[in-house]
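Please work from the sequences and hints to get the whole structure.
Sequence lines, in order, name chains A and B.
For the first sequence, numbering that gives the first Met the number 0 begins at 0 and goes up steadily by one.
For the second sequence, numbering that gives the first Met the number 0 begins at 0 and goes up steadily by one.
Rather than coming from a laboratory, the hints here were simulated on the basis of the structure.
Among the clues, some could well be false.
[To be verified] Dumping the calculated SDA-like pairs for lysine to any residue here, alpha-carbon to alpha-carbon at most 20 Å:
{"id": "1", "chain 1": "B", "residue 1": "Lys244", "chain 2": "B", "residue 2": "Trp373"}
{"id": "2", "chain 1": "A", "residue 1": "Lys256", "chain 2": "A", "residue 2": "Ala269"}
{"id": "3", "chain 1": "A", "residue 1": "Lys228", "chain 2": "A", "residue 2": "Thr217"}
{"id": "4", "chain 1": "B", "residue 1": "Lys244", "chain 2": "B", "residue 2": "His116"}
{"id": "5", "chain 1": "A", "residue 1": "Lys256", "chain 2": "A", "residue 2": "Lys228"}
{"id": "6", "chain 1": "B", "residue 1": "Lys244", "chain 2": "B", "residue 2": "Gly327"}
{"id": "7", "chain 1": "A", "residue 1": "Lys336", "chain 2": "A", "residue 2": "Asp105"}
{"id": "8", "chain 1": "A", "residue 1": "Lys336", "chain 2": "A", "residue 2": "Glu38"}
{"id": "9", "chain 1": "A", "residue 1": "Lys336", "chain 2": "B", "residue 2": "Lys244"}
{"id": "10", "chain 1": "B", "residue 1": "Lys54", "chain 2": "A", "residue 2": "Leu99"}
{"id": "11", "chain 1": "A", "residue 1": "Lys336", "chain 2": "B", "residue 2": "Gly67"}
{"id": "12", "chain 1": "B", "residue 1": "Lys54", "chain 2": "B", "residue 2": "Ala420"}
{"id": "13", "chain 1": "B", "residue 1": "Lys54", "chain 2": "A", "residue 2": "Gln102"}
{"id": "14", "chain 1": "B", "residue 1": "Lys54", "chain 2": "A", "residue 2": "Glu38"}
{"id": "15", "chain 1": "B", "residue 1": "Lys244", "chain 2": "B", "residue 2": "Gln350"}
{"id": "16", "chain 1": "B", "residue 1": "Lys240", "chain 2": "B", "residue 2": "His286"}
{"id": "17", "chain 1": "A", "residue 1": "Lys256", "chain 2": "A", "residue 2": "Met319"}
{"id": "18", "chain 1": "A", "residue 1": "Lys336", "chain 2": "A", "residue 2": "Gly258"}
{"id": "19", "chain 1": "B", "residue 1": "Lys54", "chain 2": "B", "residue 2": "His116"}
{"id": "20", "chain 1": "A", "residue 1": "Lys336", "chain 2": "B", "residue 2": "Leu118"}
{"id": "21", "chain 1": "B", "residue 1": "Lys54", "chain 2": "A", "residue 2": "Ala104"}
{"id": "22", "chain 1": "B", "residue 1": "Lys244", "chain 2": "B", "residue 2": "Met273"}
{"id": "23", "chain 1": "B", "residue 1": "Lys54", "chain 2": "B", "residue 2": "Lys244"}
{"id": "24", "chain 1": "B", "residue 1": "Lys54", "chain 2": "B", "residue 2": "Phe423"}
{"id": "25", "chain 1": "B", "residue 1": "Lys54", "chain 2": "A", "residue 2": "Asp105"}
{"id": "26", "chain 1": "A", "residue 1": "Lys256", "chain 2": "A", "residue 2": "Arg197"}
{"id": "27", "chain 1": "B", "residue 1": "Lys54", "chain 2": "A", "residue 2": "Val49"}
{"id": "28", "chain 1": "A", "residue 1": "Lys228", "chain 2": "A", "residue 2": "Leu208"}
{"id": "29", "chain 1": "B", "residue 1": "Lys244", "chain 2": "B", "residue 2": "Pro233"}
{"id": "30", "chain 1": "B", "residue 1": "Lys54", "chain 2": "A", "residue 2": "Val343"}
[Stated by the list, open to error] What follows is a set of in silico ranges between Cβ atoms, one per label pair, in the way DEER data are often shown:
{"id": "31", "chain 1": "A", "residue 1": "Arg34", "chain 2": "B", "residue 2": "Thr337", "range": "20 to 28 Å"}
{"id": "32", "chain 1": "B", "residue 1": "Asp393", "chain 2": "A", "residue 2": "Leu208", "range": "43 to 51 Å"}
{"id": "33", "chain 1": "A", "residue 1": "Thr2", "chain 2": "B", "residue 2": "Asp393", "range": "25 to 33 Å"}
Bear in mind the structure is a predicted one, so any value in this text is a computation, not a measurement.
Think of the CB as a built atom: it goes at the ideal place given N, C-alpha and C, for glycine as much as any other residue.
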Amino acid sequence: METVWFWLLAWMFGTYVVLDGFDFGVGILHLFVARNEAERKQVIRSIGPVWDGNEVWLIAAGGTMFFAFPKLLAVSFSGFYLALMMVLWLLMFRALGIELRHQLADPIWRQFWDVAFAAASLILTVCLGAALGNLVRGVPLNADGTFFEPLWTDFRVGQQTGILDWYTLLVAVTAVLALAHHGALWLNARTDEAVEARAWGLAGWLWPLVVLLSIVVTGATVVVQPHVKESLAARPWGIVFVGLAIAGLVGAYVLRKRGRPLQAFLSSAAYLYGMVALAAIGIYPYVLPGRNPAFGLTIHDAAAWQTGLVVAMYWWIPGMLLACGYFIYLYSTMPAKFSVHDTVEH
Amino acid sequence: MEALTLHRFHFAFTITYHYIFPQLTMGLALLIFILKTMALRGDPLANQAVRFWVKIFGVSFVMGVITGIPMEFQFGTNWARFSEASGGVIGQTLAMEGVFAFFLESAFIYLLLYGEHRLGQRGHWVASLLLFVGTWLSGFFIVCTNAWMQHPVGYEITTDGVIRLASLSALFTNPWAIPQYLHVMVGTTITASFVMASIGAFYLLRDEHVATARRFLSVAVVVGFIASVLAPMPTGDMQAKLVYKHQPVTFAAMEGHFHTEDGAGLVLIGQPNMSEMRLDNPIVLPHLLSFLTHQRWDARIVGLTDFDRDLWPDNVALLYYSYHVMAGLGTFFIVIMTLSAFFLWRGKLHQERWLLWILMLTLPFPFIANTAGWMTAELGRQPWLIYGLMRTADGHSTNVSVGNALFTLIGFMGMYVMLSALYFFLTTRIIAHGPEAEPNGH
Numbered sequence: 000m001e002t003v004w005f006w007l008l009a010w011m012f013g014t015y016v017v018l019d020g021f022d023f024g025v026g027i028l029h030l031f032v033a034r035n036e037a038e039r040k041q042v043i044r045s046i047g048p049v050w051d052g053n054e055v056w057l058i059a060a061g062g063t064m065f066f067a068f069p070k071l072l073a074v075s076f077s078g079f080y081l082a083l084m085m086v087l088w089l090l091m092f093r094a095l096g097i098e099l100r101h102q103l104a105d106p107i108w109r110q111f112w113d114v115a116f117a118a119a120s121l122i123l124t125v126c127l128g129a130a131l132g133n134l135v136r137g138v139p140l141n142a143d144g145t146f147f148e149p150l151w152t153d154f155r156v157g158q159q160t161g162i163l164d165w166y167t168l169l170v171a172v173t174a175v176l177a178l179a180h181h182g183a184l185w186l187n188a189r190t191d192e193a194v195e196a197r198a199w200g201l202a203g204w205l206w207p208l209v210v211l212l213s214i215v216v217t218g219a220t221v222v223v224q225p226h227v228k229e230s231l232a233a234r235p236w237g238i239v240f241v242g243l244a245i246a247g248l249v250g251a252y253v254l255r256k257r258g259r260p261l262q263a264f265l266s267s268a269a270y271l272y273g274m275v276a277l278a279a280i281g282i283y284p285y286v287l288p289g290r291n292p293a294f295g296l297t298i299h300d301a302a303a304w305q306t307g308l309v310v311a312m313y314w315w316i317p318g319m320l321l322a323c324g325y326f327i328y329l330y331s332t333m334p335a336k337f338s339v340h341d342t343v344e345h
Numbered sequence: 000m001e002a003l004t005l006h007r008f009h010f011a012f013t014i015t016y017h018y019i020f021p022q023l024t025m026g027l028a029l030l031i032f033i034l035k036t037m038a039l040r041g042d043p044l045a046n047q048a049v050r051f052w053v054k055i056f057g058v059s060f061v062m063g064v065i066t067g068i069p070m071e072f073q074f075g076t077n078w079a080r081f082s083e084a085s086g087g088v089i090g091q092t093l094a095m096e097g098v099f100a101f102f103l104e105s106a107f108i109y110l111l112l113y114g115e116h117r118l119g120q121r122g123h124w125v126a127s128l129l130l131f132v133g134t135w136l137s138g139f140f141i142v143c144t145n146a147w148m149q150h151p152v153g154y155e156i157t158t159d160g161v162i163r164l165a166s167l168s169a170l171f172t173n174p175w176a177i178p179q180y181l182h183v184m185v186g187t188t189i190t191a192s193f194v195m196a197s198i199g200a201f202y203l204l205r206d207e208h209v210a211t212a213r214r215f216l217s218v219a220v221v222v223g224f225i226a227s228v229l230a231p232m233p234t235g236d237m238q239a240k241l242v243y244k245h246q247p248v249t250f251a252a253m254e255g256h257f258h259t260e261d262g263a264g265l266v267l268i269g270q271p272n273m274s275e276m277r278l279d280n281p282i283v284l285p286h287l288l289s290f291l292t293h294q295r296w297d298a299r300i301v302g303l304t305d306f307d308r309d310l311w312p313d314n315v316a317l318l319y320y321s322y323h324v325m326a327g328l329g330t331f332f333i334v335i336m337t338l339s340a341f342f343l344w345r346g347k348l349h350q351e352r353w354l355l356w357i358l359m360l361t362l363p364f365p366f367i368a369n370t371a372g373w374m375t376a377e378l379g380r381q382p383w384l385i386y387g388l389m390r391t392a393d394g395h396s397t398n399v400s401v402g403n404a405l406f407t408l409i410g411f412m413g414m415y416v417m418l419s420a421l422y423f424f425l426t427t428r429i430i431a432h433g434p435e436a437e438p439n440g441h
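If you want it as structure tokens, here you go:
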């Protein structure tokens with residue numbers, strides 16, 4: 000049962016990365032891709048109806064983690080204390096940037112919130128990328144099963160790691176590039192005129208960097224966390240996700256060139272799903288690997304009692320089907336293109 | 000500062016600030032739904048009122064969302080030992096809030112705020128209904144979580160102290176949950192009614208937007224009157240009886256009842272004197288506490304001093320004041336709303352300037368009353384984190400140092416000062432701008 004919940008949780012986080020990922024990417028590119036007020040408004044409007052729903056995937060995944068793997072939530076949230084608190088403050092700033100800029104038609108007000116939105120999106124992507132890096136690399140768990148990581152120590156991948164070291168920074172940079180690419184494809188598909196064209200160009204410029212960093216990060220991961228190789232070798236079906244990630248990357252390039260922006264965006268989503276799935280397979284059966292493998296937290300250590308895991312299936316499945324229904328409705332009622340000529344504020 | 004105190008204050012501060020917004024948006028969601036229903040039946044002024052109030056709702060909702068995310072996180076960050084022990088139980092209700100309430104709200108909030116034109120009147124009404132359902136579901140799951148901490152049910156404990164879920168349905172049929180939920184939701188309705196009445200009174204006193212403002216007042220006063228009456232009877236009374244039955248020491252502390260007595264009186268006013276174990280300057284209604292609790296004038300009520308000292312709530316005086324502030328303000332609300340309802344019925348409320356002044360100035364008090372009510376619940380639960388199962392002193396994260404916790408507490412305080420300034424600025428602008436005849440959005 001805990002294995003089932005492990006994969007469901009991985010699916011939720013993957014969906015979160017794909018959905019909130021594009022509005023993070025839009026935020027990272029915001030200041031470059033939109034150069035005047037009409038374009039900035041257009042960019043914000045292209046994520047306005049959906050960004051909040053996208054973020055709920057993080058909250059719902061957190062809640063699912065809480066009841067399925069309570070020990071994982073307790074150990075990891077308290078261990079990453081400082082970084083998580085900063086993530087919370089940044090999430091606030093980012094939400095304010097999106098929701099408050101249109102409240103006042105004043106250039107100083109709007110410039111402030113534009114920069115707040117862009118900066119918070121960038122730093123958050125670094126933080127969440129580093130968090131994924133920490134999860135794969137393993138954390139300095141001690142014999143009593145807890146840890147506390149400072150923001151950084153010596154930037155080496157030793158026993159007493161910080162949240163930031165060369166490996167997690169590498170993952171963070173990859174995340175920034177991959178989500179910026181993802182966001183550019185969203186804007187290319189959902190906006191028109193100058194923003195659409197610039198997003199097309201940015202995606203083309205970002206694509207080779209994403210490919211390069213994906214290869215480097217995969218190599219570095221195998222060096223830093225030997226368990227990944229063993230786990231993948233034990234689960235040869237994982238090759239499907241390697242295929243998905245590669246096909247997604249290739250598709251994102253080819254389909255964008257052929258003028259099929261929505262399909263290019265979906266290919267990028269497939270790439271992100273593939274990478275998250277590979278990370279999940281790589282750490283399984285751990286939910287939180289330790290720098291000292293003996294102290295790593297496995298799904299069996301972290302899982303709640305079976306009764307709860309079984310009973311949750313009865314509400315979680317219908318609940319998530321409902322949620323997927325809202326999302327299909329929400330996305331299908333969105334305009335296909337947000338025009339720069341629309342004069343409305345939101 | 001000691002780690003435990005700091006973690007408690009961290010949670011207390013962030014949850015108290017957070018709850019300013021949901022108590023308004025949950026109540027407003029109901030009022031907006033009522034107004035939208037009136038609009039659908041051909042009341043154009045009610046539709047103008049909806050367009051105005053969804054703007055206030057929108058800003059308040061954003062504040063509620065961004066101050067709410069830290070609450071879920073803090074279970075893990077600051078209360079790791081509590082989360083590890085009880086996550087298998089309360090994780091269920093908290094996750095259900097995300098899956099059933101937050102997805103629904105997040106998907107339809109944009110349509111409620113900006114979708115009137117696109118959806119048409121009937122579609123916009125559906126959006127207002129879905130937001131009402133979403134926000135009230137959210138409250139339900141949170142209250143079920145808190146009710147379990149007040150009165151744990153449906154669990155079993157392993158030998159190493161982990162609390163397992165034995166029955167999920169027991170969490171929803173918890174005898175504590177339904178009265179608490181009703182009382183909390185009545186409280187949010189009171190807040191929103193007074194806010195709507197206050198803004199309506201403000202416009203009438205300034206002779207602005209008169210027709211729409213009278214619509215604000217009529218809906219707010221009718222709903223507010225009903226809610227104010229329901230707050231003590233039956234919902235508050237049901238709550239008090241549950242506290243008496245399951246947390247008798249809390250009951251004695253919050254009532255300021257120090258010594259066991261047959262025919263105990265109900266304390267209206269007085270200051271707990273903790274060194275002498277008595278109330279200073281008391282005003283007491285004789286025998287009434289016994290009657291309210293047992294329906295017998297001479298029934299015995301056990302006093303605080305007859306309970307084991309380490310079962311006492313750790314801040315008796317603050318608990319006493321919280322409860323009395325809530326109950327006192329609740330009585331005041333009934334008086335104001337009864338008067339307002341009377342003049343509304345006579346068709347003269349909009350001319351009674353003295354009453355409009357009172358309605359306008361009452362705006363902060365329902366927020367204080369709701370906050371004081373929650374403080375009563377949470378201080379009353381002390382010294383337990385989960386009543387009878389886990390002490391608060393055993394729940395906080397031991398791997399987070401005092402310096403780190405202080406740093407983030409100060410960070411949240413700074414953040415929330417900024418949020419307050421923004422919220423005040425934006426809502427006063429919306430109020431200054433006033434209601435409009437045209438739909439929002441496109």
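Next on the checklist: Which constraints among the numbered hints does this structure fail? Numbers only, ascending.
Outcome noted: Hints 4, 5, 6, 7, 9, 11, 14, 15, 17, 22, 23, 28 and 31 contradicted; others consistent.
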